[in-house]
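Visitor: Listed here are the chains, written in short residue letters.
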Amino acid sequence: MVYLPDEGEALVAAGNAVYLNMGTLFPIYEQTIPATAKAAHDAGKAWVLDPVGLGIGSLRTKLLEELKPYKPTIVRGNASEIIALASLWELLGAEDALDRPRGVDTTDGVDAAREAAVALAHYTGGAVVVSGEVDLVTDGTTVVRSHGGSGLMSKITGCGCSQGGVLAVYATCADAFTAAVASTAHYNLAGTRAAAVATAPASFKVAFIDELYRATGEEIAANPMCVEEA
Amino acid sequence: MVYLPDEGEALVAAGNAVYLNMGTLFPIYEQTIPATAKAAHDAGKAWVLDPVGLGIGSLRTKLLEELKPYKPTIVRGNASEIIALASLWELLGAEDALDRPRGVDTTDGVDAAREAAVALAHYTGGAVVVSGEVDLVTDGTTVVRSHGGSGLMSKITGCGCSQGGVLAVYATCADAFTAAVASTAHYNLAGTRAAAVATAPASFKVAFIDELYRATGEEIAANPMCVEEA
Amino acid sequence: MVYLPDEGEALVAAGNAVYLNMGTLFPIYEQTIPATAKAAHDAGKAWVLDPVGLGIGSLRTKLLEELKPYKPTIVRGNASEIIALASLWELLGAEDALDRPRGVDTTDGVDAAREAAVALAHYTGGAVVVSGEVDLVTDGTTVVRSHGGSGLMSKITGCGCSQGGVLAVYATCADAFTAAVASTAHYNLAGTRAAAVATAPASFKVAFIDELYRATGEEIAANPMCVEEA
Chain U
16 MVYLPDEGEA LVAAGNAVYL NMGTLFPIYE QTIPATAKAA HDAGKAWVLD
66 PVGLGIGSLR TKLLEELKPY KPTIVRGNAS EIIALASLWE LLGAEDALDR
116 PRGVDTTDGV DAAREAAVAL AHYTGGAVVV SGEVDLVTDG TTVVRSHGGS
166 GLMSKITGCG CSQGGVLAVY ATCADAFTAA VASTAHYNLA GTRAAAVATA
216 PASFKVAFID ELYRATGEEI AANPMCVEEA
Chain L
16 MVYLPDEGEA LVAAGNAVYL NMGTLFPIYE QTIPATAKAA HDAGKAWVLD
66 PVGLGIGSLR TKLLEELKPY KPTIVRGNAS EIIALASLWE LLGAEDALDR
116 PRGVDTTDGV DAAREAAVAL AHYTGGAVVV SGEVDLVTDG TTVVRSHGGS
166 GLMSKITGCG CSQGGVLAVY ATCADAFTAA VASTAHYNLA GTRAAAVATA
216 PASFKVAFID ELYRATGEEI AANPMCVEEA
Chain V
16 MVYLPDEGEA LVAAGNAVYL NMGTLFPIYE QTIPATAKAA HDAGKAWVLD
66 PVGLGIGSLR TKLLEELKPY KPTIVRGNAS EIIALASLWE LLGAEDALDR
116 PRGVDTTDGV DAAREAAVAL AHYTGGAVVV SGEVDLVTDG TTVVRSHGGS
166 GLMSKITGCG CSQGGVLAVY ATCADAFTAA VASTAHYNLA GTRAAAVATA
216 PASFKVAFID ELYRATGEEI AANPMCVEEA
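Residue numbers (the numbering used here), protein chains in the order written: chain U, 16 to 245; chain L, 16 to 245; chain V, 16 to 245.
No wet-lab data here; the hints were simulated from the structure. Any given hint could turn out to be false.
One copy or any two copies: either way a pair holds, since identical chains are not told apart in the list.
Unchecked claim - As a list, the in silico SDA-like pairs of lysine to any residue whose alpha-carbon atoms are at most 20 Å apart:
#, residue 1, residue 2
1, 77, 124
2, 77, 243
3, 86, 149
4, 77, 43
5, 60, 72
Just chain U, with the same shape it has in the complex:
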């Protein structure tokens, strides 16, 4: 985890993928986030974007506007965040943009963001993950609904944000859609298993991270999902 502009560029140069999370902005991020995204884009390396809290303050909006040309390999957010990002990037029809709810709450179901997710994926050429009770993953052509997980995941601060790290790990060695589907299945499997042994948030978090570590490729591939056309 780095905070300075040239350190972001150095991480891009040293690795195969980088994750930019906008949850807790510091002033220096005004430089670090665009510099890192540009470095990844220019080097043809994967980068994952979590547009947390779009609408809180002005810097998030400014940064997300700047990031548009760098086309994130994978975007992950809840339904409201995905809709807000697609709207900010003017990827939705005018009527959709006017009629839809906006904001950073998580009350929208993933289906409310289906069109926005598909539009984002069409624009970026990558994948989009909409987190919800059933997660929606799309590359703009195919939509995968990934089952599993637990309601306790929403009781852990940063649980959604942390998925960005798992997405980036997969993106080091797989194409955007494969990485997005596999890491979402991995996350859901770990959530399902943790909920089998823990009934409150802190012990759930411990069990969840343990299960992320224990899951095998075969088990992840067997996690339930449904596939449909976008």
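Put chains L and V on the given structure of chain U with help from the hints.
Guide: Frame of chain U, contents of chains L and V only:
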């Protein structure tokens, strides 16, 4: 959790209470902390102050002086911090201020801070929580002593600071004194229960957060407390 | 934990040891880190340095060059970091410096850093800890190899960095080499014990911190180590 001035103001506008903790100051907080407190004060919304580490460096003192007119709804600290804040805000008699120990250590018992807590509550019109072996909560008229908890709570970094978050949650839907008494009881109940199942800090922390989650309103209301006149 | 320059100086004045970790640099650290190291050096107090990530960006290199005259009481790093620091401070023979691998990876074994660690300890007059499967600790005259720990320690973000805190605690009340050997034994003992009860990273972390808390002086002293001349 936000760090930028306009984001602090946005959180105030979006919610019913905000918590300002001064534990780990960054330069931008020189703007963010007063801007957020002012926004809460001007909007008539609750805000919780934890004056951590008053006396370390110059910015904490400067910020706490600036915060005085915004009258925090609830102040929480250990005895030394409460005494130091009441002294900084010149709420203690001259003799008291001169005769008392100062600093950020936690060696003072809560009774050493009783007068300072009452004076602070008189000034703010809100509530003050002094954390100690038995916690002291006052609105300037009544003093509640809240029992329970565990010595292991002092072995967890940020355990006292985290109570500010619980205080702010209660303050979203209750008056200052009710919120302060209820959240302190909630914290103590969770500590008592966690100590029944864990004997070392890390497993205690997991159990403590789990018990914060599990406690019901009836159980919290039944946590032992004593009431006296201020 | 503080971030501002005068707060670093205040912590030095208030305590007996301070720990400077360079893992996640913010712009203000350009002032805070040298100011704090200088304060400790000038006051004759212990300070511990963890030169994390030397080679990522330019500020780490600049800061580590500035820190050289303040001679850290204890340096801790993995083999690559220790070699990189000794090279940056020009403590290795020209041939060694040219022939050795550099960087921030952890692929070098501790023996690859033996000469660099001894050279660093000669220069600082303090102790150096090289973390690896078997840890190497030296004061430039004697080399101790400390056994124990667990491979799961490398699966916990910040596990190595956290040892710096334990080193600093010991350095408050012991000379550099005693503090370095004892805290490394303490860490290894806790790792061994945690691995006996946990098989995945998150439950291991909980068990590890619990065992750090439980270990007695006698048990720490009995943790296996081998002693040789430097």
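Visitor: Give a verdict on every hint.
Guide: Status of each hint after checking the structure:
| no. | hint | result |
| --- | --- | --- |
| 1 | 77 to 124 | neither (26 Å within a copy, 46 Å between copies) |
| 2 | 77 to 243 | neither (35 Å within a copy, 54 Å between copies) |
| 3 | 86 to 149 | neither (25 Å within a copy, 45 Å between copies) |
| 4 | 77 to 43 | both (14 Å within a copy, 19 Å between copies) |
| 5 | 60 to 72 | between (30 Å within a copy, 19 Å between copies) |
Taken one by one, the earlier hints fail for this structure at numbers 1, 2 and 3, listed in ascending order.
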